[in-house]
Amino acid sequence: MAELLTPLKRRTLTAKLMDVHWPLLVLVSIIAVIGTGMLASVGGGAMHPWADSHALRFLIGLALVIAMTLVPLSVWLRLSYPAFALGLVLLALVPIVGVEALGAKRWLSAGGLSLQPSEIVKVTLVAALARYYQALPAGLESRPRYLAAPLAMILLPVLLTLRQPDLGTSVLLIATGLTLMFLAGVSGWYFAGAAAAMFAALPLVLSHLHGYQRRRLEVFLDPDKDPLGAGYHIAQAKIALGSGGLAGKGYLQGTQAQLDFVPEKHTDFILAILGEEWGFIGTLTLLALLLAVVSVALGMARRADSAFARLVIAGFALMVLVYALINIAMVTGVAPVVGVPLPLVSYGGTNMLSLMVALGLAMSAHVHAHGRLR
Amino acid sequence: MSGPDRDDVKRRRFSRRVALIGLAQTAAFGGLAMRLYDLQVRDAHRYQPLADQNRTDVQVLPAVRGRILDRLGAVLADNEQVYRVTIVPALARDVKSVLARLSRLVPLPPEKREQILVRARRQSRNLPIVVASDLTFEEVAEVSVLSPHLPGVRAEIAWRRRYHDGVTMGHVCGYVGNADRMAVEDPDPALKLPGARVGRAGVELALENELRGTAGSARTEVDARGRMVRPLDRIEPEPGRDVRLTIDSALQQRVLARLAEVRRGAVVALEAATGNVIALASHPTFDPSPLASGVNEAFWKQMAAIESRPMLNRAVAGLYPPGSTFKMVTALAALHQDAVTPKDHLTCEGSYDLNGQTYRCWRRHGHGSVDLHRALRESCDVYFYEMAHRVGIDALADMARHLGLGRAFDTDIALQKAGVIPDPEWKRANVSARRAGANWLGGETVLAGIGQGYVATTPLQLAVMAARIATGRAIEPWVTLPAPGAARVAAPALRLQPRWLEAVRRGMVAVVNEEGGTGANAQLASDIIVAGKTGTSQVSRRSGESAQADLPWELRDHALFVAYAPAGAPRYAIAAVVEHGGGGGAAAAPLVRDTLQLILDDEARRREQAAEPRTRQEG
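In order, the protein sequences belong to chains A and B.
Take the first sequence: its letters are residues 1 to 374, numbered as in our numbering.
Take the second sequence: its letters are residues 1 to 619, numbered as in our numbering.
Derived from the structure by calculation, the hints contain no laboratory data.
One or more hints might be untrue.
Stated by the list, open to error - Ranges of calculated distance between the beta carbons of each label pair, as one might list FRET restraints:
no.	chain 1	residue 1	chain 2	residue 2	range
1	A	L79	B	S97	47 to 55 Å
2	A	I281	B	W159	46 to 54 Å
3	A	V71	B	R230	53 to 61 Å
4	A	V33	B	V64	55 to 63 Å
5	A	A196	B	D8	29 to 37 Å
6	B	S103	A	Y251	44 to 52 Å
7	B	Q115	A	Y251	45 to 53 Å
8	B	D186	A	A46	43 to 51 Å
9	B	R93	A	I281	34 to 42 Å
10	A	Y251	B	L61	32 to 40 Å
11	A	V33	B	S97	41 to 49 Å
Stated by the list, open to error - Stretch-level coverage of chain B by chain A, calculated; a stretch enters the list once three of its residues show a Cβ under 8 Å from a Cβ in chain A:
no.	region
12	12-23
13	33-40
Glycine residues also receive a C-beta, built at the ideal position from the N, C-alpha and C atoms.
With the rest of the complex left out, here is chain A (with noise of 0.2 Å):
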């Protein structure tokens, strides 16, 4: 309480540390060991070579936020901007002088070091839109005049990691950007006017897919046309989460991983193992457990004092959110294969940084949310 009455005054360290809500650490934490666990699993029983990295991965994250938290929440604010634009140049680069890799270009690489733009932008445009509506007066955020720089903001990026051919990013992007468009407060109108635009829209985006995009629609509708290719993975997933039953084969003992009959076990499709292995009861705890992480920084958000801050919280959770269930649904059958991880479960080092600065910003803002902005 001492805090709110002296605003500026900077607070201990561990007076910071005191206010990190550690409950969702922990809450995320359990998911990161369950992952590790699985990755164990599809490694053959082996912590190498992915359990082991996994885990690393996620500690170096852990310590990454709580790095980023003690830093005040207005340095974040100052550096949205340029982290912005600094993304959206890295990404205009990755056409140019990018690495190719299985098709498609997404990578940078320079002295040894390699990073993925995208990744980069996934964050900031997050912390770009919450510093717009920050700044702007409340009451003019449906204004057309004011919804020009955050749709901007919004499809500058989507537009370059489409060329990647990135479409997994792509939507969450658009998902996230136009999500926090709604939570700042633009009016309700306009996403039911832009949701009948896109069915308007859906036969002229279908035919500017590319092939390998429409074909994995095509399967997602009959995965039966082609069991031994792109309807492979559908298939072969729902068979490893169906043959789980309720309480699963046991761990280590998935036949449908042992055996290697899941592509992508160790990436996309991990859930579908933990299925195997841990029946319906492993699928739905670890469904309650990704409820839970967006519940709470949802909450985190809403207590929050400045529009930056319940921003930058809510885009986390909205990371988790998106991508979580666009990957549950594809591996249950219900989505078209999109080739979405599931945060902090799947195998995948450029996700798992995004997300921990995601969090970083996000506990930054709920440890500094009680003061005011400048």
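Use these hints to put chain B onto chain A, whose structure you have.
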């Protein structure tokens, strides 16, 4: 920056909307939870077996094909092991590059690679395709060692059909060919295996079900790349049953050697009492061995180019007008219909008029007064024109069929031709009205009476006819011995009065043994009496006008001869055809004589061996 109140407004709005998002997310998660419930709990029973299916691979184990043995047990067709390499496209994924890698280890010409790629596209990607066969142990070992770099490739041992004495028994044993087309009708999974073969001709075809055996299966646990993890269970295949022929291949070889002295022809010899075939020779012959290892384009092309068609089994599928060998049918038909008695006499003046047409006897100036006995002995055409005319075509056809002509026998001889025993119905269905009128003509009956016109028979049918006349029973021809434990039903008696058969038999004895008989050349050196009948069937009209020797070979008459011996207690029936051989008595009778001699010599030899105090193992 906004003041506290403004932020309050923002905050409240934010709060409301977050609640909305919270609700939406709960609904979404709820929906996914229900979906998971469906998959994992409600439908679990459906996915469990699919998961099991994934991890087990069922391999069809082909059965070893039964062997074909001759009468004494000599092996004519058996199986040898070959090394070969197969590929499963579904597991190989990139078939083209795997084949490229394989071509460095085993002989694999580019055309064969193309063939495999085409096949992979056409059939199910889970079916294995043979890449190369007949490999050395070293080649197969190399493939096995490099198998991690060759996904979907399997090195295995397979069985291949092998023929011994191919030329001698080629027509009888037949050959095997690819099962592809057959697999459509036959549900046996073994037929879908690479290199599966089914009988295409001869005994291989006729006894396919006995020879094939029953396939087994082996279940193994596999990973997604088809690599075996551990074996699960196994049902052993049941090998096919060995089949024993009624033919002694040594005797057949001798018969063929004698037959080969003519340009083209066939000889069929049966055991008169049982119908067991003891020689089924067709000349020219061929060796089916090149076909054993699969499609052999060169072989087929070569065979198709030979004008004399060695792959045609003339003994069962060669169609010839029987000529005078048919006269026994006419005689029996006339006797059966009470149209004549053996004592009745007719006058043959060398020609016969009917409906304004003149039909000639082969003896220009006629035979004079003939009864049945003389008509047979000297093969008088006019007598039989009259007999045919008296009974009519229907009765004639009936008798022909009763004696075994006009159909394929429902026994174990593959690819027989049914031949033609014409009647008005047949004519309406098969002869264009423009050519010969829609209705049956009287002239066609009389021609049929001497085995010309539309009548067509195979040497097999003629031999059966001889056996039926000799024994008075409805003999059927068999080329394999019955399975151990099974017995064949004895043939029923013919619906013919014994005295008529006697009359005809006496005539046939006269053909060979009496003065004036046309078949004197069939007399054996020993005192075993042969009964028979010559036949000369016209191929071209010109043969009536010129002497045979003056005609080009392909226009000369066919020479035929049917016989049985010994006349009193017949043991063997035999028929021979010499294509474009000229006169039946001149060309075919000596062939029958020599063949009979070979058979009787063989019989005598076996009797001696059986009588020896030192027992000899047979077969």
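Could you tell me which of the numbered hints above are not met by this structure, giving the numbers in increasing order?
As far as the earlier hints go, not one is violated by this structure.
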